[in-house]
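Given next are the chains, with one letter for each unit.
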Amino acid sequence: MVTTESDNVIEISNVNLWYGDKQALFDVSMPVRRNRITALIGPSGCGKSTLLRSMNRMNDLVDGCRLEGRMLFGGTDIYSPNTDVNGIRTRIGMIFQKPNPFPMSIRDNVSYGPRIHGVEDREELDEIVERSLVRSALWDEVHDRLDKSALALSGGQQQRLCIARALAVSPEVILMDEPTSALDPMATSKIEDLACELEKDYTVVIVTHNMQQASRISDYTGFMYLGKMAEFGRTEGIFNKPKEELTERYITGRFG
Amino acid sequence: MKRFEDDMGRLLETTRDLGSLVCSTIDGAVRAFCERDTDLAREMAERYQRISDLHSVLEEDTLRILTLYQPTAVDMRTVATVLKAITYLERIGKYSKKIAKATIFLSDDISAEGMEGIPEMGSVAVRMVKLAVGSLIDGDTSGLDEISQQEHFLDTLRNSVIRRNTELLRDCPAAADVLMRYMSVSRYLERVGDNSCDIAEKVAYMVTGRHVEIGA
Chain F
1 MVTTESDNVI EISNVNLWYG DKQALFDVSM PVRRNRITAL IGPSGCGKST
51 LLRSMNRMND LVDGCRLEGR MLFGGTDIYS PNTDVNGIRT RIGMIFQKPN
101 PFPMSIRDNV SYGPRIHGVE DREELDEIVE RSLVRSALWD EVHDRLDKSA
151 LALSGGQQQR LCIARALAVS PEVILMDEPT SALDPMATSK IEDLACELEK
201 DYTVVIVTHN MQQASRISDY TGFMYLGKMA EFGRTEGIFN KPKEELTERY
251 ITGRFG
Chain D
1 MKRFEDDMGR LLETTRDLGS LVCSTIDGAV RAFCERDTDL AREMAERYQR
51 ISDLHSVLEE DTLRILTLYQ PTAVDMRTVA TVLKAITYLE RIGKYSKKIA
101 KATIFLSDDI SAEGMEGIPE MGSVAVRMVK LAVGSLIDGD TSGLDEISQQ
151 EHFLDTLRNS VIRRNTELLR DCPAAADVLM RYMSVSRYLE RVGDNSCDIA
201 EKVAYMVTGR HVEIGA
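Protein chains in written order, with the numbering used here: chain F, 1 to 256; chain D, 1 to 216.
If you are wondering where the hints come from, they were derived from the structure by calculation, not from laboratory data.
Given the structure is predicted, the values throughout are model-derived calculations rather than measurements.
Just so it is clear, CB atoms sit at the ideal spot from N, CA and C, and this is done for glycine as well.
Hints should not be assumed to be uniformly reliable.
As the list claims (entries may be wrong) - Here are some chain F residues pointing at chain D (derived, C-beta under 10 Å):
1. MET211
2. GLN212
3. SER215
4. GLY237
5. ILE238
6. PHE239
7. ASN240
8. LYS241
9. PRO242
10. THR247
11. GLU248
12. ILE251
13. THR252
14. GLY253
15. ARG254
With the rest of the complex left out, here is chain D (with noise of 0.2 Å):
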């Protein structure tokens, strides 16, 4: 049994490791985007390999706590969470190198207009992240309503983006180019945003037993 809990404590602790790492990378990739900053932006897309490479590492652990201890209960549903959480937060991952690139690929042609709503986004979003993976470690369901409300408040900056977007298009479509990248910006926040709602489904599920929707 304390075998199993020192495992089990481990794996948590590596997966807050994981959750803080894809914080900061999303936090850094958005702040590179709106600075035009390309050399912290080469960094966070090569960042991403770490976060990849924590994947695995937690992917090979809870396989090895399923086999080695066949956990039952409260215990199953946390290592069953921590599976799809960490696939979440990878993918997350990947969406913080895609605006990473999508920086450098811009680089001085990143103009202010536009990105209105997108500074704001990247909070939002990380903010997220950071609320679903604590309510993971700590097993506790009080911050969930808040990541709710936050992917709505999230969908509505992203309707705006996509708003101003367009109308700047129509306006000058010879910046369709950068324009376009703000879109997609603006949709790899979104995505992040779903991607915390659907870890904090798995952890309503991990704490309750219970299936819920959250964001939907």
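Excised from the complex, chain F in its bound form (with noise of 0.2 Å):
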């Protein structure tokens, strides 16, 4: 397959990253491809959740956070000084390990992104919450109770929402941080189903512990290992005939 820049959403170059006087990024490089789903795996410890983060400039709530190196996003640099973080968290959205609804309804939970961009007509939020829980694949669960609270559903269902939250504000690139770890395997599933459903619209980067979740979903792998990027491709090969003896080793489980 013949791919080109523009075939990447977001393009990550030689990048180094500090927490203080500790590296935890060395030299990084990956491409984030359009409309496909990346997973980074790797040991504890790797990297692989800074180099999510580093994303969309969540990191820059860390103290002593320092970053070297290029990260374009639609060929702007994400860390340039007159980018707009908020612009830059709005168009790649975020989800976390621990499902974090917001202690209001499942309504206002999707529609509070848009609010604070300033849609204010009732109709039109009601059609975002709508189509954001369709999309999510939540909608048929709670749509009799969209103004009960968000934190009477399920694990899994509030991981949905959570995802229905962030689609709301029609981001380009969905960002995932170990999103299945606190839930049960239906629940695991159904988020798994609903990463490949959003990479017709959407590009998916997920990082997980779960060797079988990357092989599964993933279009694109990339092995992280004591900050740098170990091996970086196409997930059938990463997981049928690795190049580095490392990922071999990590992979099949003979590791340390």
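From these two lone chains plus the hints, build me the complex, please.
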């Protein structure tokens, strides 16, 4: 398959990142292909969550965090001083390990983003709520209780609500940081199906400890080790015949 | 991980057992044919059941390993290769049975004429199976070239057996029954060679991750 620059929604080149004195990422380069699912795998502390969070400048919130290198989103530098951080986080949404719905109704959770972006029209908000919940495969389960508290939903439903909340502001990229590690297999399967469904309209980057999950749903996989991108490639190749022995040892469970 | 490695070790060990059983059966079947030993032929024909049973055990073992451990990379390729290889070995076992049955059918009718080339085909075929199974167990591709060479040699031998028996058939149509059996046996041995090449191709994939053609 021939890919061009425009196939890459995010382009990461030679990124180094420090938390204070401690370097967490070393010369990391990788593309994030448009309308594809990219999985980041690797042992705990390898830097995969750090890399994910740096894609929408979530690490700005960490004191002493410093990044060098280039990270382009649609051709513009994510880390340029002129970049509107809120704008970046709107276009690159994030789903966390633990579902974090706001303590408000299902409807308000989803309409929160559009409202702070200035959408006031009730009909338009209702439309966004429905569209986002349909896309996150939650609509059928909650359409008759939109004004009930989001905290009454199950863990899996809460995670899909968080995805709906991210979708409500029409992002281009959705970053998922171990989105199913707190969920049971049924809820996990729904989130995985959803990620595959979202791929048609969005770009997904997912950090996961579950190797089967990476191989089941992703198109590309990056294996990280000690802050470096040890290997990046098509998921099929990584899981069938990785180029690096390190990757082979990790994915076959012969590590350490 | 330890449990997985123990299970994989046992899987390969049992595959080696199946390989040895198949080799000794085909060797015995060809010997019985050439020496007109119907007792040995019967023994070899009956042995097919053991081959078939061992094949079923291995098939179940590979499926259990796939289900329990969901292997990846070289582990996945190894399990997949075993799953394919045992099918080829079981088929080779079936050809041994056919050769043994041909011996029983012909018994005293077997004459040296027309037999020329068959003992040699038997040795080459057994050698090919041994090489293929050995490569699989050791994860080593160094014997694959020899398999390819032996396959060409086996084809040459097979062609000369067919040629010779066609001539004999022309001269003595009354011996058609016997001569046709010789040709069939040479055909079975050729198929043993083909199946060994199939195993070798899977071994190449197992080791390198690339598909190659062997003995085509």
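Checked hints:
With a least beta-carbon distance of about 7 Å to chain D, the hint placing MET211 (chain F) at the interface is held under the 10 Å criterion. With its C-beta approaching chain D no nearer than about 6 Å, GLN212 (chain F) sits inside the 10 Å limit, and its interface hint holds. Because the smallest distance between the Cβ of SER215 (chain F) and any Cβ of chain D comes to about 7 Å, under 10 Å, the interface hint for this residue holds. With a least beta-carbon distance of about 9 Å to chain D, the hint placing GLY237 (chain F) at the interface is held under the 10 Å criterion.
Below 10 Å, beta-carbon pairs count as interface contacts, and ILE238 (chain F) has one with chain D at about 8 Å; its hint therefore holds. Interface hint status for PHE239 (chain F): upheld, as the beta-carbon distance to the closest one in chain D is roughly 5 Å, under 10 Å. Of the supplied interface hints, the one on ASN240 (chain F) holds, with its beta-carbon coming within about 6 Å of a beta-carbon of chain D, less than 10 Å. Because the closest C-beta pair between LYS241 (chain F) and chain D is about 3 Å apart, less than 10 Å, the hint holds.
Among the interface hints, the one on PRO242 (chain F) holds; its C-beta lies about 6 Å from the nearest C-beta in chain D, closer than the 10 Å criterion. The interface hint given for THR247 (chain F) holds, since its Cβ lies 8 Å from the closest Cβ of chain D, which is under the 10 Å cut-off. Interface hint status for GLU248 (chain F): upheld, as the beta-carbon distance to the closest one in chain D is roughly 5 Å, under 10 Å. Checking ILE251 (chain F) against chain D: minimum C-beta separation of about 5 Å stays under 10 Å; hint holds.
Checking THR252 (chain F) against chain D by beta carbon gives a least distance of about 5 Å; that is within 10 Å, so the hint holds. Checking GLY253 (chain F) against chain D by beta carbon gives a least distance of about 5 Å; that is within 10 Å, so the hint holds. For ARG254 (chain F), the interface hint holds, the least distance from its beta-carbon to any beta-carbon of chain D being 7 Å, beneath 10 Å.
Checked against the numbered hints listed earlier, the structure breaks none of them; every hint is satisfied.
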